[in-house]
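Novice: Protein chains in written order, with our numbering: chain A, 14 to 301; chain B, 469 to 739.
By construction, these hints were calculated from the structure, which means they are not laboratory data.
Fair warning: there could be bad hints in the mix.
[What the hints assert, rightly or not] The calculated lysine-lysine pairs, modelled on DSS-like cross-linking and capped at a C-alpha distance of 27 angstroms, are:
1. B:Lys473 <-> A:Lys110
2. A:Lys215 <-> B:Lys471
3. A:Lys17 <-> B:Lys626
4. B:Lys473 <-> B:Lys626
5. B:Lys569 <-> A:Lys17
6. A:Lys112 <-> B:Lys626
7. A:Lys18 <-> B:Lys473
8. B:Lys563 <-> A:Lys18
9. B:Lys479 <-> A:Lys212
10. B:Lys479 <-> A:Lys17
11. B:Lys471 <-> A:Lys18
12. B:Lys626 <-> A:Lys15
13. B:Lys479 <-> A:Lys215
14. B:Lys727 <-> A:Lys110
15. A:Lys15 <-> B:Lys563
16. A:Lys20 <-> B:Lys597
17. A:Lys17 <-> B:Lys649
18. A:Lys112 <-> B:Lys563
19. B:Lys626 <-> A:Lys51
20. A:Lys15 <-> B:Lys567
[As the list claims (entries may be wrong)] Among chain B residues calculated to face chain A with C-beta under 10 angstroms, some are:
21. Pro493
22. Lys567
23. Leu576
24. Asn683
25. Asn685
26. Pro690
27. Tyr704
28. Phe729
We treat Cβ as the ideally placed atom computed from N, Cα and C, and that holds for glycine.
Spelled out, the chains give:
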Amino acid sequence: MKTKKRKIMGWTFVIPASIMIVIFNFVPMIQSFILSLKRGSGTNMIFTGFSNYKRMFQDKIFKMTLSNTFIYLILEVAIMLVMAMFLASLLNDKRLKGKWFFRLAIFLPCTTSLVSYSIIFRSLFSVDGFINTILTNLHLIASPINWLGNTWTARIVIVLALLWRWTGYNMIFFLAALQNIDSSIYEAAVVDGANAFQKFTKITIPMLRPTILLTAIMSTNGTLQLFDESMNITNGGPANTSMTISHYIYNLSFAGNPNFGYASAISYVVFILVAILAFIQMKVGDEK
Amino acid sequence: MSKRKFVYFGKYVFLILVAIISIFPMYWMIVSGTNKSVDVIAGKILPGNYLMENLKSLLDTTVLSQAMWNSIRNAVVSMVLNVFVCSLAGYGFEKFHDKYKDKIMSILLLSMMVPTAATVIPLFRMFGKMGLLNTTVGCILPTVSTAFMIFMFRQAAKSFPDEIIEAARIDGVGEWGIYFKMFLPIMKSTYAAAAIVSFMNAWNSYMWPLIVLQNENSKTMPILVSGLTARYTIDYGSMMLAVTISTIPMLIIFFVLQKNFVEGITGSVKS
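Next comes chain A alone, as it looks inside the complex (with noise of 0.2 angstroms):
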């Protein structure tokens, strides 16, 4: 009797939880799928089987969209979980001091919205921002730059912008996992003669592994699926040559003439790169 009325609780606390991700990610995720599959918009969608996944093939801007995810991608995850390592490993010195003053100062980014920093790096990098005034004033250049209006450059405004956002977020976690790395494992290897790059590269990253993992899937999970930075800095200028690929769903299906089905099939793409990139980095993390 007790024990039915305990099973019985049991089910009563995990159920709602469990119910509303059930109606507010799977359900979504086959209805999208049904909707890639359509044509047309509002009521009067029909079938067209997959002619919305072969339209990608032929889309300048899909490709365009794909490609500069990826160099988001490959840019900012790399430098930025380079500079976190590398950062947290500054900070665990013993000797130093001020520590707390620079974890905080490195931290500080993290307090900012995503749509409040991009609107920071937007004006600090306009034509007639503070980037340009500082850079005229030394007269390192002649006349403003157009970082924004220039396809790389304003990329690498992206870049830089997330570089600024994150790398003190993923430090954090690099700080959390060598405070976990017992002192004597260094203390040992000097005495065998290891210098401080020996130290870095025998010692510090094989110990970090779980920790280089996690932040490198949370963050390509994160690039992957970059909207408010492509929205509030470039828009996806110029010409759609910054925009991401969640920009250019949200663009297909909410500016504009909502082409549902379409967007649905791109969104497709985006959840199946998110997950083969999750199981490659998986399959790479458990090996070594």
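Please build the complex by placing chain B on the supplied structure of chain A, with the hints as guidance.
Specialist: Just chain B now, kept in the frame of chain A:
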């Protein structure tokens, strides 16, 4: 010895440089909010006395106070529901676990891989039919239950001793009583960390509110701030003031609850 000193000197120079780069954009944001737009463009980086004028211009031309209220209300309601529903589930999945619940949990975790962009279109259509567009409920509902938060509480519940539960049951305390009177108070640091993460996510959320809240009066701060860049001539002073105002709650939480803040971010994903 002097070589070591030299290395330390290099470290400090590097760290100070990184600290300046980290702080400067935020300093510039705050200072620009107190300056005239022309001064901001001219590169002024000292505080000015134009704060009130910027604030007045924001209040006159935007729904600033309404947006601030919407943001606070949505974030607080979302945080409370999110933490409550997910802590209940995390506790249940850990302390009442059987093979079915374990299986369900691992299925729920898959939802962390579902990109927002893939769910917003069906959700938008679903909420349109249910009449939930432009409502707080519509804005909050999809974020009430998250696999991430359930997982965080399930991991934390592992450290909650089964003996306490057994002893309470013998004393005749009901299951809800155990959850509310024992689990919740004992795990309060987990709750604090979870609340911060949850509030931060709700406060910053942009894509879904942008889609579901299309009415001027239901706008949240990120949408309002983002809209300021779409104007024909951008008033940098008041725009930066708006950005600063939307950042203040996070800054307060960060400085007051620093320890929990960092714990919330790292602790939530450990193991």
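Novice: For a C-alpha distance cap of 27 angstroms, please report whether B:Lys479 and A:Lys212 respect it.
Specialist: holds, 17 angstroms
Novice: For a C-alpha distance cap of 27 angstroms, please report whether B:Lys626 and A:Lys51 respect it.
Specialist: violated, 46 angstroms
Novice: Does A:Lys110 lie within 27 angstroms of B:Lys473 when you go C-alpha to C-alpha?
Specialist: Holds: B:Lys473 and A:Lys110 sit about 13 angstroms apart, inside 27 angstroms.
Novice: Is it true that the CA of A:Lys17 sits at most 27 angstroms from the CA of B:Lys649?
Specialist: holds, 22 angstroms
Novice: Within 27 angstroms, alpha carbon to alpha carbon, are A:Lys15 and B:Lys563?
Specialist: holds, 16 angstroms
Novice: Would the hint linking A:Lys112 and B:Lys626 be met if the CA-CA limit is 27 angstroms?
Specialist: The hint is violated at about 33 angstroms.
Novice: Would the hint on B:Pro493 be counted as holding, given a Cβ-Cβ threshold of 10 angstroms to chain A?
Specialist: Constraint on B:Pro493 satisfied, holds at 5 angstroms.
Novice: Please check whether B:Phe729 passes as an interface residue: C-beta within 10 angstroms of a C-beta belonging to chain A.
Specialist: Hint on B:Phe729: holds, closest Cβ of chain A at ~9 angstroms, below 10 angstroms.
Novice: Check the hint pairing A:Lys17 with B:Lys626 against an upper bound of 27 angstroms on the C-alpha distance.
Specialist: holds, 23 angstroms
Novice: So, B:Asn683 near chain A? Judge it on the closest CB pair being under 10 angstroms.
Specialist: The hint is violated - B:Asn683 has no Cβ within 10 angstroms of chain A, the shortest such distance being about 15 angstroms.
Novice: With chain A as the partner, please determine if B:Asn685 meets the hint condition of a C-beta pair closer than 10 angstroms.
Specialist: This interface hint is violated because 19 angstroms lies over the 10 angstroms limit.
Novice: Does A:Lys18 pair with B:Lys473 here, judged by a C-alpha cut-off of 27 angstroms?
Specialist: violated, 68 angstroms
Hints 4, 6, 7, 10, 11, 16, 18, 19, 22, 24 and 25 from the list above are not met by this structure, while the remaining hints are.
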